[in-house]
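Novice: Sequence:
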Amino acid sequence: MAIFVRHKESDKIYVLIGTGYGAYKSATPSFLGGNLFPREEEGEIPVAAVADERGEIQWFYTDELKVIEIDGIEISKVFEKHNKKEPGNLTGHAKEVCPACFTEISEKDTECPSCGLVFQIEDD
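In terms of the working numbering, the sequence shown opens at residue 3 and continues consecutively.
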């Protein structure tokens, strides 16, 4: 199972290895309050590890990457299945799908026929 991504700036193609989410927080003493009222700084760093054709690992910010292919299928074709309108479906809304296995289900099902997941019924 391979996910191919394109680096937006360099236009190079990489294999996605995984994603990480770095967070940091630092505190320095303030001029007046010292350690009682420190100056705090914090942030988050969403990054992804990718490998090039030589197998070298590099890290990029996730907003610098674009998914182009999953398991040999172009990303646009992956979504085609879920974006098609059915002839009898005038609303254009997709049919209900099981959140666990993505098998098509009816809105009256209380259990997925494929994986057995039990759905919680909400009364309006």
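Don't read these hints as lab results, they were simulated from the structure. Check each hint, because a few of them may be wrong.
[Said to hold, decoys possible] Computed spacing ranges between beta-carbons, pair by pair:
1. Gln122 x Asp54: 22 to 30 Å
2. Val120 x Lys10: 19 to 27 Å
3. Ser28 x Ile75: 14 to 22 Å
4. His9 x Glu82: 35 to 43 Å
5. Arg8 x Glu82: 14 to 22 Å
[Said to hold, decoys possible] SDA-like cross-link-like pairs, simulated, lysine to any residue; straight-line CA separation at most 25 Å:
6. Lys14 x Glu98
7. Lys68 x Glu46
8. Lys68 x Phe6
9. Lys10 x Glu98
10. Lys10 x Tyr23
11. Lys68 x Lys27
12. Lys10 x Gly74
13. Lys10 x Glu42
14. Lys27 x Lys10
15. Lys14 x Lys27
16. Lys68 x Ile15
17. Lys27 x Phe6
18. Lys10 x Lys110
19. Lys68 x Val49
Ideal placement from N, C-alpha and C gives every residue a C-beta, glycine not left out.
Novice: Each hint: holds or not?
Specialist: Comparing the hints with the structure gives:
| no. | hint | in the structure |
| --- | --- | --- |
| 1 | Gln122 x Asp54: 22 to 30 Å | violated (45 Å) |
| 2 | Val120 x Lys10: 19 to 27 Å | violated (42 Å) |
| 3 | Ser28 x Ile75: 14 to 22 Å | violated (43 Å) |
| 4 | His9 x Glu82: 35 to 43 Å | violated (25 Å) |
| 5 | Arg8 x Glu82: 14 to 22 Å | holds (20 Å) |
| 6 | Lys14 x Glu98 | violated (38 Å) |
| 7 | Lys68 x Glu46 | holds (20 Å) |
| 8 | Lys68 x Phe6 | holds (9 Å) |
| 9 | Lys10 x Glu98 | violated (35 Å) |
| 10 | Lys10 x Tyr23 | holds (20 Å) |
| 11 | Lys68 x Lys27 | violated (29 Å) |
| 12 | Lys10 x Gly74 | holds (20 Å) |
| 13 | Lys10 x Glu42 | violated (33 Å) |
| 14 | Lys27 x Lys10 | violated (29 Å) |
| 15 | Lys14 x Lys27 | violated (33 Å) |
| 16 | Lys68 x Ile15 | holds (10 Å) |
| 17 | Lys27 x Phe6 | violated (33 Å) |
| 18 | Lys10 x Lys110 | violated (44 Å) |
| 19 | Lys68 x Val49 | holds (13 Å) |
Of the numbered hints stated above, those contradicted by the structure are hints 1, 2, 3, 4, 6, 9, 11, 13, 14, 15, 17, 18, listed in ascending order.
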